[in-house]
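Visitor: Sequence:
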Amino acid sequence: MTPLRRIKKRNSAIKRIADLDQRSDACVIIHYSCESFYDKTDGKTPRVTSIAVRNFASGQTDSFSIHKIAEQQKVDFSNIESNYDTLEKEMLAEFYAHVAKTKHCTWIHWNMRDINYGFPAIEHRFKVLGGIPVEIPEERKFDLARALIDVFGVKYISHPRFENLINLNKMTARDFLVGKAEAEAFISKEFVKLHQSTLRKADIMANIFERLSDGSLKTNAKWKDIYGLSVESVVTYIKQHWIISLIGIISTAVGLVAKLAGFI
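The opening position of the sequence shown corresponds to residue 1 in our numbering, with each subsequent residue numbered one higher.
Be aware that a few hints might be false.
Said to hold, decoys possible - Keeping only pairs whose Cα atoms sit at most 16 Å apart, straight-line, the calculated EDC-like set for lysine to aspartate or glutamate is: (1) K189 / D85; (2) K127 / D76; (3) K224 / D150; (4) K15 / E139; (5) K193 / D175; (6) K15 / E210; (7) K141 / D114; (8) K189 / D114; (9) K15 / E94; (10) K68 / E190; (11) K189 / E81; (12) K193 / E35; (13) K222 / D150; (14) K9 / D225; (15) K127 / E94; (16) K101 / D62; (17) K74 / E90; (18) K8 / D150; (19) K103 / E138; (20) K9 / E123; (21) K8 / D214; (22) K68 / E90; (23) K101 / E135; (24) K44 / E123; (25) K189 / D62; (26) K180 / E163; (27) K68 / D42; (28) K103 / D25; (29) K155 / D214; (30) K141 / E123; (31) K170 / E210; (32) K218 / E135; (33) K127 / E90; (34) K103 / E139; (35) K180 / E35; (36) K15 / D175; (37) K101 / D25; (38) K89 / E71.
Hints listed in this document are in silico derivations from the structure and should not be mistaken for laboratory results.
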């Protein structure tokens, strides 16, 4: 990517983030848990186990989960697996009823882009089960994971980025399950544990977005990773950090004057 294109992408991302922050009451954070898609060998898409939708401004979180539907329908937890299609369909029906009520919102997510894991995967599951999903327009989706790369560059933190960003910023990770642990929880039918992890991740994403918006998010990005090495990048940095640049120029000037004075 050329330095100029890098700067344009960064500026565009920063503007979008600022716009979303200004209308935070119309922004929701979404995260969901599902059956491991790496272990699937039957060609079927992973089952969805729980979904969390958190309003960014209020922190109010609506959640949709297999175990909650099972409890509502008086299905014993030991029988969830044999009733999974029915329970999953009802859960997704509730989720899409919520989507219909919040179509004006922007959905902030983390890498929910494809049929393996993302909005397309949830839509497909509901269609497979006989439902009709409510489409969320692309312009109403905001990929936080991609935005962080646009703002700080690909080297802003090492993989796994989500977990390492949490550790670097000392965020609470109670109930957080990594991918392997989530897969194991699904196999052992620990649906409540999966749900708690989903809620925690939505909370963490809100925290990351808030810190990104106010400029307090810590990353490992270097200056050249963020701005690139070019005349355009230097000019952009001076425009965006003119006070720091002015102090630097004054300090340099004072130093030169002091040196010259020493020769007189």
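Visitor: Taking the hints in turn, state whether each one holds.
Guide: For each hint, the structure was consulted:
{"no.": "1", "hint": "K189 / D85", "in the structure": "holds, 15 Å"}
{"no.": "2", "hint": "K127 / D76", "in the structure": "violated, 26 Å"}
{"no.": "3", "hint": "K224 / D150", "in the structure": "holds, 13 Å"}
{"no.": "4", "hint": "K15 / E139", "in the structure": "holds, 15 Å"}
{"no.": "5", "hint": "K193 / D175", "in the structure": "holds, 7 Å"}
{"no.": "6", "hint": "K15 / E210", "in the structure": "holds, 15 Å"}
{"no.": "7", "hint": "K141 / D114", "in the structure": "holds, 13 Å"}
{"no.": "8", "hint": "K189 / D114", "in the structure": "violated, 25 Å"}
{"no.": "9", "hint": "K15 / E94", "in the structure": "violated, 33 Å"}
{"no.": "10", "hint": "K68 / E190", "in the structure": "holds, 13 Å"}
{"no.": "11", "hint": "K189 / E81", "in the structure": "holds, 8 Å"}
{"no.": "12", "hint": "K193 / E35", "in the structure": "holds, 13 Å"}
{"no.": "13", "hint": "K222 / D150", "in the structure": "holds, 14 Å"}
{"no.": "14", "hint": "K9 / D225", "in the structure": "holds, 13 Å"}
{"no.": "15", "hint": "K127 / E94", "in the structure": "holds, 14 Å"}
{"no.": "16", "hint": "K101 / D62", "in the structure": "holds, 12 Å"}
{"no.": "17", "hint": "K74 / E90", "in the structure": "holds, 14 Å"}
{"no.": "18", "hint": "K8 / D150", "in the structure": "holds, 9 Å"}
{"no.": "19", "hint": "K103 / E138", "in the structure": "holds, 12 Å"}
{"no.": "20", "hint": "K9 / E123", "in the structure": "violated, 29 Å"}
{"no.": "21", "hint": "K8 / D214", "in the structure": "violated, 20 Å"}
{"no.": "22", "hint": "K68 / E90", "in the structure": "holds, 10 Å"}
{"no.": "23", "hint": "K101 / E135", "in the structure": "holds, 12 Å"}
{"no.": "24", "hint": "K44 / E123", "in the structure": "holds, 14 Å"}
{"no.": "25", "hint": "K189 / D62", "in the structure": "violated, 22 Å"}
{"no.": "26", "hint": "K180 / E163", "in the structure": "holds, 13 Å"}
{"no.": "27", "hint": "K68 / D42", "in the structure": "violated, 27 Å"}
{"no.": "28", "hint": "K103 / D25", "in the structure": "holds, 13 Å"}
{"no.": "29", "hint": "K155 / D214", "in the structure": "violated, 21 Å"}
{"no.": "30", "hint": "K141 / E123", "in the structure": "holds, 15 Å"}
{"no.": "31", "hint": "K170 / E210", "in the structure": "holds, 14 Å"}
{"no.": "32", "hint": "K218 / E135", "in the structure": "violated, 35 Å"}
{"no.": "33", "hint": "K127 / E90", "in the structure": "holds, 12 Å"}
{"no.": "34", "hint": "K103 / E139", "in the structure": "holds, 11 Å"}
{"no.": "35", "hint": "K180 / E35", "in the structure": "holds, 11 Å"}
{"no.": "36", "hint": "K15 / D175", "in the structure": "violated, 33 Å"}
{"no.": "37", "hint": "K101 / D25", "in the structure": "holds, 14 Å"}
{"no.": "38", "hint": "K89 / E71", "in the structure": "holds, 15 Å"}
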